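K.L.:
Chain by chain, the residues run as shown.
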Amino acid sequence: MSKATDDIIQILNPSDCFTLAMDEEIRQENMPGSQCGYALELASPPDPNAIQQRINEFGERFPLVFASLQQRGKRFFWCQRAQQHPLFHQHIASDKISKDDFHKQTALKLLNHRQDRETVPPIEFHLIQSASKNTFLMRWTHPFCDAKGADLILKYLCTEDAEQRLKFDLPRLEPLVNTQLAKYKWWQKIAMFIKAKRYISQMDTLQSVIHADTSKAPKQLNYHTYTLSPEQTQTINQNIRQQMGLTASSLYYVGCFMRALQRMNPEQEGDAYCAPYAFNLRRNKALSPLLSNHVAPLFAQAPKAILHDRPALFQHLNQQNTNTLRKQLDYAFLPVMWAASWLSLKQHGEKLRTSMRTGTERSSFWFSDIGQVDLSNTSFFNTDITRIYHLCQISSPPAIAFLSCQFNQQLTLSYNFIEPLFTEEWIAALHQNMLEELLLP
Amino acid sequence: MKQHIREFIFNELIFVAEPEKFSDNDDLLEAGLDSMGIMRLIMHIEEQFSVTLPDSEIDPDNVKSFNALEQWILQHKA
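Taken in sequence, the protein lines are chains Y and C.
To get my numbering, take the position in the first sequence, counting from 1, and add 16.
To get my numbering, take the position in the second sequence, counting from 1, and add 15.
No lab work stands behind these hints, which were simulated from the structure alone.
Treat the hints with care, since some could be wrong.
To be verified - Under the rule of at most 27 Å between Cα atoms (straight-line distance), these lysine-lysine pairs were calculated in the DSSO-like manner:
{"#": "1", "chain 1": "C", "residue 1": "Lys-79", "chain 2": "Y", "residue 2": "Lys-164"}
{"#": "2", "chain 1": "Y", "residue 1": "Lys-183", "chain 2": "C", "residue 2": "Lys-36"}
{"#": "3", "chain 1": "Y", "residue 1": "Lys-343", "chain 2": "C", "residue 2": "Lys-92"}
{"#": "4", "chain 1": "Y", "residue 1": "Lys-343", "chain 2": "Y", "residue 2": "Lys-211"}
{"#": "5", "chain 1": "C", "residue 1": "Lys-36", "chain 2": "Y", "residue 2": "Lys-301"}
{"#": "6", "chain 1": "Y", "residue 1": "Lys-343", "chain 2": "Y", "residue 2": "Lys-205"}
{"#": "7", "chain 1": "Y", "residue 1": "Lys-171", "chain 2": "C", "residue 2": "Lys-17"}
{"#": "8", "chain 1": "Y", "residue 1": "Lys-183", "chain 2": "Y", "residue 2": "Lys-164"}
{"#": "9", "chain 1": "C", "residue 1": "Lys-79", "chain 2": "Y", "residue 2": "Lys-301"}
{"#": "10", "chain 1": "Y", "residue 1": "Lys-199", "chain 2": "C", "residue 2": "Lys-17"}
To be verified - Facing chain Y, from chain C, some residues (calculated, C-beta under 10 Å):
{"#": "11", "residue": "Leu-44"}
{"#": "12", "residue": "Ala-46"}
{"#": "13", "residue": "Asp-49"}
{"#": "14", "residue": "Arg-55"}
Since this is a predicted model, take the numbers as computed values, not measurements.
Backbone N, C-alpha and C fix where the C-beta goes; we use that ideal spot for every residue, glycine too.
Use the sequences and the hints to build the structure in full.
P.N.:
Dropping the structure here:
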């Protein structure tokens with residue numbers, strides 16, 4: 017084995033390359049890259065020693081958590097580092113600081129921390145504590161794992177039974193993007209590639225509406241989270257069932273968010289709202305694969321002209337989703353991701369983000385619905401979990417991401433935005449619109 | 016037919032530790048069959064069994080178990 021390759025642990029799969037390209041796009045804007053957060057708010061202080069011990073065990077079981085992401089030739093690899101870095105950190109507030117401010121400021125500091133790609137830890141765990149509030153925050157870089165993988169890591173940490181923990185990531189699976197691609201003959205892959213390109217080309221005939229103030233340079237990520245009551249959540253779940261049926265539930269949030277944005281400025285330039293979202297290739301409830309990305313992209317697009325008509329909008333999004341799946345456009349993106357993994361990060365990012373027709377940004381916003389959070393139990397090291405939310409860095413534009421999840425019969429909405437392209441006041445007003453939209457019968 | 020659907024669901028859509036213990040009446044939605052999975056399942060059934068399942072009939076009652084799915088398919092099989 018040559019000197020240049022003997023520290024390589026594993027190569028990035030095409031889906032990892034897809035998220036790495038977005039990491040690079042964000043870094044090119046002088047921002048920290050594709051950092052993500054998964055936060056648990058806890059009813060009482062957990063035992064930090066027990067957490068430390070479980071995280072140490074996790075590190076021994078998955079040594080990739082200590083790896084460094086490096087480029088060798090054209091490709092990127094997870095490589096061994098000379099020294100292991102600490103995985104677990106504690107942040108304790110002094111009495112003088114307001115508790116909410118301390119928790120949010122610490123989370124923002126962690127998500128906005130800039131560090132070279134080669135030295136940034138792929139994943140870290142932080143316990144943020146003040147007199148009456150405790151937050152456990154997992155921060156990870158997107159090429160390391162996707163949101164479902166992050167979910168599985170937390171599930172692993174929450175699993176008390178050591179025997180049960182051994183079941184995670186077994187059997188060891190190949191990257192699911194590669195497994196799916198292997199099912200097709202080469203000429204089928206070419207046909208899929210062409211199909212996906214035609215689909216994108218068709219979508220790019222409409223210029224996307226962008227609300228971010230792009231005259232300003234991105235400075236930092238900020239976020240607002242809102243947890244709705246069980247009654248509000250129940251109403252929204254009923255609306256989802258009535259408006260979207262069984263097969264496109266997440267698109268209810270997309271439709272409502274498009275309308276909420278439109279209400280902020282109906283005259284905003286552009287022909288349509290467009291939101292990329294990922295679909296997961298894992299089987300539901302599967303504990304493997306844990307690390308890496310196993311997703312492919314899809315798009316929800318709606319012309320501005322139909323946004324005033326709620327039923328028509330939901331019907332449009334539903335029909336679009338049905339057509340996408342019936343025409344197998346979802347799997348058609350797999351060969352595109354594979355081919356793009358051979359491009360430079362700059363070229364890859366350009367293809368991902370910009371319209372082939374206008375050269376402008378394709379995404380009006382980023383979207384992810386984690387759905388019902390499925391942890392092994394509703395406690396974390398013997399303390400109750402009171403709230404869960406997600407965070408993510410975003411490229412600018414669109415400079416805004418909407419993330420949702422449900423836990424303990426309560427829906428939490430997480431608005432992530434880049435300042436000064438969006439302001440806190442603008443996001444607060446947007447949330448009011450969104451809440452009205454979600455609750456409308 | 017049921018066996019074929021079982022294999023597709025357990026191999027492609029949801030993970031169940033002991034599939035042989037999952038009965039034909041057990042709840043597939045509770046076991047993790049989600050919106051995307053339902054669409055994939057319908058497409059697979061339509062292709063495999065040359066049947067058209069109308070979008071308007073995609074309802075929890077028709078997809079909640081293997082028995083319910085079989086009933087639904089048989090209603091539309093010529």
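K.L.:
Determine for every hint whether it applies to the structure shown.
P.N.:
Do the hints match the structure? See the list:
no.	hint	result
1	C:Lys-79 x Y:Lys-164	24 Å, holds
2	Y:Lys-183 x C:Lys-36	19 Å, holds
3	Y:Lys-343 x C:Lys-92	22 Å, holds
4	Y:Lys-343 x Y:Lys-211	9 Å, holds
5	C:Lys-36 x Y:Lys-301	16 Å, holds
6	Y:Lys-343 x Y:Lys-205	14 Å, holds
7	Y:Lys-171 x C:Lys-17	33 Å, violated
8	Y:Lys-183 x Y:Lys-164	16 Å, holds
9	C:Lys-79 x Y:Lys-301	17 Å, holds
10	Y:Lys-199 x C:Lys-17	24 Å, holds
11	Leu-44	9 Å, holds
12	Ala-46	7 Å, holds
13	Asp-49	6 Å, holds
14	Arg-55	7 Å, holds
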